[in-house]
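**Q** For reference, the chains in residue letters:
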Amino acid sequence: MAAKSPSIRALSRYLLRPQAPLHPRCRQQCYTKRYSSAVAGARLNGTVEYDTTPLLYHTSKAALANPELPEDVRRGQTKRINLYQAVNEALRHALQSDERVIVFGEDVQFGGVFRATMNLASDFGTERVFNTPLSEQGLVGFAIGAASEGMKPVAEIQFADYVYPAFDQIVNEAAKYRYMSGANQVHCGGLVVRMPTGVVGHGGLYHSQSPEALFTHIPGLHVVIPRSPTQAKGLLLSAIKSNDPVVFMEPKILYRASIEQVPVDPFYLPLDKAEVLKTGKDLTIVSYGQPLYTCSAAITAAEKDFGCSVELVDLRTIYPWDRETVLDSVKKTGRAIVVHESMQNAGVGAEVAATIQEQAFLRLEAPVKRVTGWATFTGLMFEPLIIPDVTRVYDAIKKTLDY
Amino acid sequence: MSLRSVTRRLDIRALRRPSSCPNASLSLPRIIPVWQACRNVASTPTAEKVLFPGALNSEFTNNLEFMRPSKNKAISTFRILDQYGQVLDKERGVDTTDEEALGLYQNMVRLNIMDLIMFEAQRQGRLSFYMVSTGEEGISVGSASALNPTDPVFCQYREAGVFMQRGFSLDQFMAQLFSNTDDTGRGRNMPVHYGSRELHIRTVSSTLATQLPHAAGAAYALKLQNQQNPDVEPRVAVTYFGEGAASEGDFHAALNIAATRQAPCIFICRNNGYAISTPTSDQYRGDGIASRGAGYGIDTLRVDGNDIFAVRTATREARRLALTDGGKPVLIEMMAYRVGHHSTSDDSYAYRQKVEVEDWKRRDNPITRLRKWLEERDLWNEDEERETRSQLRKDILAAFDRGEKKKKPKIRHAFDDVWENITDEQRAHVEELKDILTRYPKEYDVSQYEGGLDSLDELLEKKR
Numbered sequence: 001m002a003a004k005s006p007s008i009r010a011l012s013r014y015l016l017r018p019q020a021p022l023h024p025r026c027r028q029q030c031y032t033k034r035y036s037s038a039v040a041g042a043r044l045n046g047t048v049e050y051d052t053t054p055l056l057y058h059t060s061k062a063a064l065a066n067p068e069l070p071e072d073v074r075r076g077q078t079k080r081i082n083l084y085q086a087v088n089e090a091l092r093h094a095l096q097s098d099e100r101v102i103v104f105g106e107d108v109q110f111g112g113v114f115r116a117t118m119n120l121a122s123d124f125g126t127e128r129v130f131n132t133p134l135s136e137q138g139l140v141g142f143a144i145g146a147a148s149e150g151m152k153p154v155a156e157i158q159f160a161d162y163v164y165p166a167f168d169q170i171v172n173e174a175a176k177y178r179y180m181s182g183a184n185q186v187h188c189g190g191l192v193v194r195m196p197t198g199v200v201g202h203g204g205l206y207h208s209q210s211p212e213a214l215f216t217h218i219p220g221l222h223v224v225i226p227r228s229p230t231q232a233k234g235l236l237l238s239a240i241k242s243n244d245p246v247v248f249m250e251p252k253i254l255y256r257a258s259i260e261q262v263p264v265d266p267f268y269l270p271l272d273k274a275e276v277l278k279t280g281k282d283l284t285i286v287s288y289g290q291p292l293y294t295c296s297a298a299i300t301a302a303e304k305d306f307g308c309s310v311e312l313v314d315l316r317t318i319y320p321w322d323r324e325t326v327l328d329s330v331k332k333t334g335r336a337i338v339v340h341e342s343m344q345n346a347g348v349g350a351e352v353a354a355t356i357q358e359q360a361f362l363r364l365e366a367p368v369k370r371v372t373g374w375a376t377f378t379g380l381m382f383e384p385l386i387i388p389d390v391t392r393v394y395d396a397i398k399k400t401l402d403y
Numbered sequence: 001m002s003l004r005s006v007t008r009r010l011d012i013r014a015l016r017r018p019s020s021c022p023n024a025s026l027s028l029p030r031i032i033p034v035w036q037a038c039r040n041v042a043s044t045p046t047a048e049k050v051l052f053p054g055a056l057n058s059e060f061t062n063n064l065e066f067m068r069p070s071k072n073k074a075i076s077t078f079r080i081l082d083q084y085g086q087v088l089d090k091e092r093g094v095d096t097t098d099e100e101a102l103g104l105y106q107n108m109v110r111l112n113i114m115d116l117i118m119f120e121a122q123r124q125g126r127l128s129f130y131m132v133s134t135g136e137e138g139i140s141v142g143s144a145s146a147l148n149p150t151d152p153v154f155c156q157y158r159e160a161g162v163f164m165q166r167g168f169s170l171d172q173f174m175a176q177l178f179s180n181t182d183d184t185g186r187g188r189n190m191p192v193h194y195g196s197r198e199l200h201i202r203t204v205s206s207t208l209a210t211q212l213p214h215a216a217g218a219a220y221a222l223k224l225q226n227q228q229n230p231d232v233e234p235r236v237a238v239t240y241f242g243e244g245a246a247s248e249g250d251f252h253a254a255l256n257i258a259a260t261r262q263a264p265c266i267f268i269c270r271n272n273g274y275a276i277s278t279p280t281s282d283q284y285r286g287d288g289i290a291s292r293g294a295g296y297g298i299d300t301l302r303v304d305g306n307d308i309f310a311v312r313t314a315t316r317e318a319r320r321l322a323l324t325d326g327g328k329p330v331l332i333e334m335m336a337y338r339v340g341h342h343s344t345s346d347d348s349y350a351y352r353q354k355v356e357v358e359d360w361k362r363r364d365n366p367i368t369r370l371r372k373w374l375e376e377r378d379l380w381n382e383d384e385e386r387e388t389r390s391q392l393r394k395d396i397l398a399a400f401d402r403g404e405k406k407k408k409p410k411i412r413h414a415f416d417d418v419w420e421n422i423t424d425e426q427r428a429h430v431e432e433l434k435d436i437l438t439r440y441p442k443e444y445d446v447s448q449y450e451g452g453l454d455s456l457d458e459l460l461e462k463k464r
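Going down the list, the protein sequences come from chains R and F.
Position 19, counted from 1, in the first sequence is what the UniProt record's numbering calls 19; the numbers after and before it change by one each time, with no gaps.
Position 462, counted from 1, in the second sequence is what the UniProt record's numbering calls 462; the numbers after and before it change by one each time, with no gaps.
Isolated chain F (complex conformation):
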């Protein structure tokens, strides 16, 4: 009997069942859900398994034993390099060419130097806010390098490395950080809330975990589009979040809906040990975030976030998994330690020991680990390190200088893009503001904004 005839027979059976939905998966081979197939089978007193619709294949037991997750062995952490930069499994290797590895190293160092400079610039009052990625460069740079550049990404706020790896230029970073006239966010967002349609990365919002269901929904859209356009390379959606954000309701909602809709979505958790001041012991009592994947029926892996090769390999494999069987979600928990303060507004020594941070810095770090590997292979040395750092610093400071000098975005951007078109109410508000700015010129410095007051006229002249 051919497979096809089996499928057809199952199909007919399903159609006869009054509960089957005629609109479901029109063009796909019909797969009868197990619960439907079992629905009318009565459980006999001697049956070995329960046929409750909510828990399939569950065997009866007369042994009263609660599951005690705290007694389980912790989920293992995948790594390719040890902390000395040595490859653990020589046969598998690192799955990365020397040239790629050098590129990844440079991007991590570039990000690290930009962080140092911008953090200090914030302290000098030159920008209002900043967040560093220190200790987590490998996660963002590494995972981004293993994705397709057109896979839509939904970031939290500590993934500047994803932007950098996808080609967000230093001038683009500075335009956003200084909210100048070139900022694609039009000066509306706090620093580090980057966004780029061109690079398929949604604009960062400060809220936590709200982006996770978006990623699930986008992934479902991609799943349908992948089916509709089989000639185009299939895509997955990817989202990043911290272990703190995973406490939000949106995290649970996102994983569950992605699982039930089998959406090709990669959920990447950066578990860096702290949500501002809250340590993981106050955040959850399970085995990290990875343990939750199983609860939602999602393929899950825990990875050493300090090992950029492991991050890449894991992400690449997750992408492959996400696109098999028509699509499914995958969860990866990347382990790290938040070396920096939460943000420029935070002083983490108020809640953790400085020695703890220093220990971590010394012990392990994605940049030094990759550097050890590079040096071992004679691909890198002290001179190149010094030269590269000096050049990157110069490039960043030059971009800093250009970005800081530019004017602020046009005043009209305070009002447009709220709705697609400016409303009558807004028009009245713009007129009122313009009237105030005109009659009290000494009270305002409108010259700092591109085009001064004129942009308000542009807005008012815009057709209704």
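Here chain R stands alone, though its shape is the one from the complex:
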């Protein structure tokens, strides 16, 4: 690893070459693979393979067999795209089919730092797709005002880590708009606040956060986290169609990492339904977003090693969430684990575990286990030790089965 001195001329040449396009305020590339502390001989960690994971549709046939799709879409075509392209397609369809839709945020006009709004400004004009000044509170408040006048604004926050200046607007205004107007029935439905969320391997303290639990403590909002391109497209279209404000959090590592066959035609996925991704009879794992892939890899190893059968549930909308699907699953299996990136205390896992304890207590064979981030921040060098990995989920499965 000794540093060889590259000539300055070579460096200058390098600087003149176009570089890999990507984002930042202070931002990093979205690598498809995380930096990992997994060593060469690791058997569990580093086994999340997006190319083969059963969570993505690798063939057109599989994608069109999705029972949530309407008949006509199932007879249509598919295209192999990643998550940011799926977001782009959803926005494109919304802009095309409904003139009330407007799309804006910081750096949105040139395509956004994650490329999700690419070519939208050139195709739909800068009246409807535009850059805002660098002010999250300003642009979310602007979106609320536009929504209250009947528009359907899709506002982008560049990173979930930067949503906090807009917290007042989201919590005190967007969420309460209909309730405070009473019989006036003025609301800001149609408002969607999109934001990239979660870790990517090198985001440190300000490009790794998953603040979803904060939004689940507020009535009046839907909080949605898609796991795949298909989900992103269908859920985002439903979010824009919804008459309630929606916080739409896109796991940024999946923008490029998750690639699958996605129906070309527009389609809508329900905002109030969890989805059973894999059935099983001994244990239920409840998760959402990127950790689903971690869980899937852990389940593969655990089923092989322990001869067990594990059910995997994607919450999709984490508030208001689909209690019925989760409870039905746990009542069947008798054991549950909740997995998420953000820290444990007062996280989504706390709510899920409490609900299971309240409503399926007599069916439980073991305490509900939470595999989550630790009670700390996502320090740059420590991310692989803080965020749940395959080993930790695998071990949780083992412990819960052995309880």
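Among the hints, erroneous ones may be present.
[Unchecked claim] Away from chain R, derived, C-beta distances all over 10 Å, residues of chain F:
#, residue
1, LYS90
2, LEU199
3, HIS214
4, GLN228
5, ARG377
[Claimed, not checked] Here are the simulated DSBU-like pairs of lysine-lysine, each with C-alpha atoms no more than 35 Å apart in a straight line:
#, chain 1, residue 1, chain 2, residue 2
6, R, LYS304, F, LYS442
7, F, LYS407, R, LYS399
8, F, LYS434, R, LYS304
9, F, LYS434, R, LYS332
10, R, LYS398, F, LYS462
11, R, LYS79, F, LYS354
12, R, LYS278, F, LYS442
Honestly, the hints are just simulated from the structure, not real lab data.
Each residue gets a CB set at the ideal place from its N, CA and C atoms; glycine is no exception.
Model the placement of chain F on the given structure of chain R, informed by the hints.
**A** Coordinates of chain F only, in the frame set by chain R:
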């Protein structure tokens, strides 16, 4: 009548007024705010001026004329050198000794070479992220050189020159960039998020403009401390930010509170034309950031950021102003052009023409402008340039090599410093992590961290 008796009389009048606050400025001569003095004066129909409390000395007019800022002449830009390195006002000169000028030049070149090397190193995957200062070296190095070394500084993220000018060593830069065990940030922050208590520079955070109200508050603390310790040299707080960050609510809050509390704070805006991809035309429609100073009642100056002498003189004068009349904020807008990409994650040719960047590079640059001045005075020549660059490159690469080889910080640093003391919940988490790392040794490489697993025991043994 002596000035003192006037003051006393005013004081008594103020005390009688029911609205006066008895706790305000105890040890200071009491100055009656104009609005208070005018409060009970009724405006007559023939009065020339309005006495509304919110706008003093405003004259009545029957002329319906909106203010149209777009019709105003743009605020001028202060410079000392022209772009050929010639001094414009020979009488004032450059306010810098030859020796100082050489030191500034070397620091700018050192920063520039470090940027080139680290940018390329990021491209090779040797560090996760980097941001260059290209085109803005004069602003950070120049302003830092005109401050008192103990003035607390609140940076954004493109002010490596402030660290360099204050003496942050190459090894310290590399320790942070490689997040090694010597990093004072303990491996927690992304590269370029430097911080040094020793040098009175707060740790950089990626959020924008959040540091501005901090600087105002710190400046107010300094104002009180300056009063309490008159024997110690008075200090000011200084904060840097970009023109994009100036759109954040925190910018406006900071300027306003600094003005109302008369805090000795220097706000230094680096207006480099771009906030990632967003050009200034999408960022604001006023006359830059300088035009906002007036709105908050703050003394303001616009400066040519490519002229390091102008930057220094402006900063020095701002510091003097900030400490007059018991303290007040000052805003300086340093004009520049962001020659580099926003960061290693950005490709700026997706939103601006390459020729635009090349033009700027050729046209003007703080390093070449100072070099022209130095060469004109026979203080510098081509040989010295070559030698210096080669030596600096060697020094940087040597520090690079040392920094890259060192181990990562201790694992315990993932958990400590969240609270002052580790909590019971954290203790349980540390135990759970340690248990996993111990039972699945093949899944993790803990040897890359200083002390391996042992540091977790140190943390667990720490007294409650």
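**Q** Find the hints from earlier in the document that the structure breaks and name them by number, from lowest to highest.
**A** none
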